[in-house]
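Chemist: Chain by chain, the residues run as shown.
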Amino acid sequence: MTSLVVRGASILGGDTADIHVVDGVIVGVGAISEKADRTIDAAGLIALPGLVDLHTHLREPGGEASETILSGSRAAAAGGFTAVHAMANTSPVADTATLVERVFDQGVAAGFVEVRPIGAVTRNLDGEQLADIGAMAHSRARVTVFSDDGKCVGDSLLMRRALEYVSTFGGVIAQHAQDPRLTLGAQMNEGSVSAELGLQGWPAVAEDAIIARDVLLAESVGARLHVCHVSTAGAVEVVRWAKRRGIDVTAEVTPHHLLLSDENVRGYSPLFKVNPPLRTSEDVEALRAGVADGTIDVIATDHAPHSASAKDCTWADAAFGMVGLESALSLVHATLVNPGHVTWDGVARLLSTTPARIGRVEGYEHPLTTGSLANITLVDPSFLGEWGVDRLVGRSHNTPFGGLELPGRVMSTIFRGTETVIDGRIVDELRTA
Amino acid sequence: MKHLISTRDLSRAEAIGLLDTTADMVEVRGRDVKKLPTLRGKTVANVFFEDSTRTRLSFEAAALALSADVSTLTAQGSSVSKGESLKDTLQTLEAMGADYIVLRHSHSGVAATVATSGWTDAHVINAGDGTHEHPTQALLDAFTMRSRLSGATARGAGLDGANVVIVGDIAHSRVARSNVWLLNTLGASVTLAAPKTLLPKDVTEWGVSTSLTLDEALDGDPDVVMTLRIQKERMSSGYFPSESEYSRFWGMTSDRSARLKDTAIVMHPGPMNRGLEIAGDVADSARSTVTEQVRNGVAARMAVLYTLTGVQS
Chain A
1 MTSLVVRGAS ILGGDTADIH VVDGVIVGVG AISEKADRTI DAAGLIALPG
51 LVDLHTHLRE PGGEASETIL SGSRAAAAGG FTAVHAMANT SPVADTATLV
101 ERVFDQGVAA GFVEVRPIGA VTRNLDGEQL ADIGAMAHSR ARVTVFSDDG
151 KCVGDSLLMR RALEYVSTFG GVIAQHAQDP RLTLGAQMNE GSVSAELGLQ
201 GWPAVAEDAI IARDVLLAES VGARLHVCHV STAGAVEVVR WAKRRGIDVT
251 AEVTPHHLLL SDENVRGYSP LFKVNPPLRT SEDVEALRAG VADGTIDVIA
301 TDHAPHSASA KDCTWADAAF GMVGLESALS LVHATLVNPG HVTWDGVARL
351 LSTTPARIGR VEGYEHPLTT GSLANITLVD PSFLGEWGVD RLVGRSHNTP
401 FGGLELPGRV MSTIFRGTET VIDGRIVDEL RTA
Chain B
1001 MKHLISTRDL SRAEAIGLLD TTADMVEVRG RDVKKLPTLR GKTVANVFFE
1051 DSTRTRLSFE AAALALSADV STLTAQGSSV SKGESLKDTL QTLEAMGADY
1101 IVLRHSHSGV AATVATSGWT DAHVINAGDG THEHPTQALL DAFTMRSRLS
1151 GATARGAGLD GANVVIVGDI AHSRVARSNV WLLNTLGASV TLAAPKTLLP
1201 KDVTEWGVST SLTLDEALDG DPDVVMTLRI QKERMSSGYF PSESEYSRFW
1251 GMTSDRSARL KDTAIVMHPG PMNRGLEIAG DVADSARSTV TEQVRNGVAA
1301 RMAVLYTLTG VQS
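From first to last, the protein sequence lines stand for chains A and B. Taking my numbering, I'd label the letters of the first sequence as residues 1 to 433. Taking my numbering, I'd label the letters of the second sequence as residues 1001 to 1313.
Hints listed in this document are in silico derivations from the structure and should not be mistaken for laboratory results. Keep in mind the model is a prediction, meaning the values are calculated, not measured. Treat the hints with care, as some may be off.
Stated by the list, open to error - Lysine-lysine pairs mimicking DSS-like chemistry, simulated, CA-CA at most 30 angstroms apart:
1. K1087/B with K1034/B
2. K151/A with K35/A
3. K151/A with K1201/B
4. K1035/B with K1087/B
5. K311/A with K1035/B
6. K1087/B with K311/A
7. K311/A with K1002/B
Start from the sequences and build out the full structure, keeping to the hints where you can.
Modeler: Shown next as structure tokens:
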């Protein structure tokens, strides 16, 4: 029996209590008098349930130069996460039971977070033939989220079939909403900045129109739909309309789309090149409002590691994406908590409870209560400091936030009762194997 | 001014200074001895990742006229086509001691990236980057306009009150962008004429007027009509249906030329599609400044090299 007590944390930003953990399960919350093997002084810290990311690129297999399941798991733990969903666009693509089981097993071996593989919707992400969806759902990895992320399931008939087939197994499609034809050669948000910079525009309608089509398809076949990284005001409006209509849709937004806009692209720094592109400041405001009123259900990082050479180049040659696991909570703190859009229990909902529910991840149903799995993140809300690559523990350093003053710091992450982050530092050589 | 990346960065004083220096260089070019010693012992590297014979020749002539050593790298047959990265190419040129890098690239923003990347300490001159900017073209165009409207010896003058129409593929034109920013700075009023498919999505912040046809733009009695080269592949991409339709609504035809006031000029950055964006007889008429633009191009590029040198010494 191993035991641990967290002393004096503000539970979800509210009352202060101790949390008693025995063998990976929370056995008491309140005034705990029992002695434990280990005690964490959490005075001044906020206790959140372990964070759950619905959208992580771990790059393994195939992209180990930029991230591995182990290095990405460490980055996740450093960011306060205890579960991540590993996107399917690896090489080879995660489109069979064998591949998702391999990712799952390596996640277990890494031991920092629960790695939940996402299965491809279509074989090799080609958008032509369904992947082995049932086999992945019934594999040891128990895949529940299916996505061709990086690519959009553009064909309407195939999307309809995919929604029907995935719902047969109780899963959900996470759609990367990007009309492929409307974004041919697109480089950045279409608008006054792209017009000035001479970069091929990426119109908002290319996202909005796919989401509008997909919510109607989901309604017509009675399936569940999740929309990845919503980035436009129009998309928020479509999702809001769909929810009012009773359609079973959920939506995520990335931390970077809550902060940055296309104005950041003016210097052509490839660190700001991301898919979907950074939109206008009006879109940023609409996304924050969408989170505040519940239209957007989830914050997901879209953590997208790239090697240095993929970003130390010209804009057109650079890869799309930015790392996001380590900075996610600070950005949510800066863009949603500080301006008063959400409280800390809202953060728990956006970054843990709801993504866990969408991904059918067990143990997050009743955060920080007796009987729950001991997935706990302790945040120092008073911290304010300059963000730098020294805060990154993954393999890639493509963050655009260098030099920004950002609030909040993850001081402790507890994954099923085991500390993965202590005093703000990642615990190493914690391989459970 | 260490680099010339964008005309947007130029103050009015800097812009007029460059035009005045261009006038000086025109005068030098008219002498018996057509060279200045300004860049003796300096190296100008012309780096052309995109083919452009006329711009490359113009920059070479300008650098030679200032007594620089000139090396030219074009994408064909170089390590660039073997997959060497831009960064490696630039660092190689830096190591070889290039003082000026004249850069042409098919991607927008490359000149800015090179200037700010730390890959090189050289002066960077943007010789055209994708659909972003072509600042020396705008300078030679402005000088050509000033010479025709105010006389070749006009000094210290901008283009205040000049009414300039730019017609054609604005959306994909670096020439149009550089001209708009520079003409705004110099006090001209600009009207862009194009079908909606060839206008950038949102030009509200450009400080220009727009017309959907050339005839509508000509109703404003312009002093200058600048026609842009139209890429024929735009037709297959659905920007407009046919050459005859383009010519009908946006071509600088003889009939439209006849509508212009006597002093109005017609410009084209070259190379021209005669009969498409500009009628052959208009291109050869007294209104046309096409060859003048080429001639002034060398002087304008000399002025840029000369002005950037002033900062260094």
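Chemist: All hints, please: hold or fail.
Modeler: Hint-by-hint comparison with the structure:
no. : hint                 : in the structure
1   : K1087/B with K1034/B : 36 angstroms, violated
2   : K151/A with K35/A    : 52 angstroms, violated
3   : K151/A with K1201/B  : 25 angstroms, holds
4   : K1035/B with K1087/B : 33 angstroms, violated
5   : K311/A with K1035/B  : 43 angstroms, violated
6   : K1087/B with K311/A  : 11 angstroms, holds
7   : K311/A with K1002/B  : 25 angstroms, holds
Checked against the numbered hints given earlier, the structure breaks hints 1, 2, 4, 5 and satisfies all the rest.
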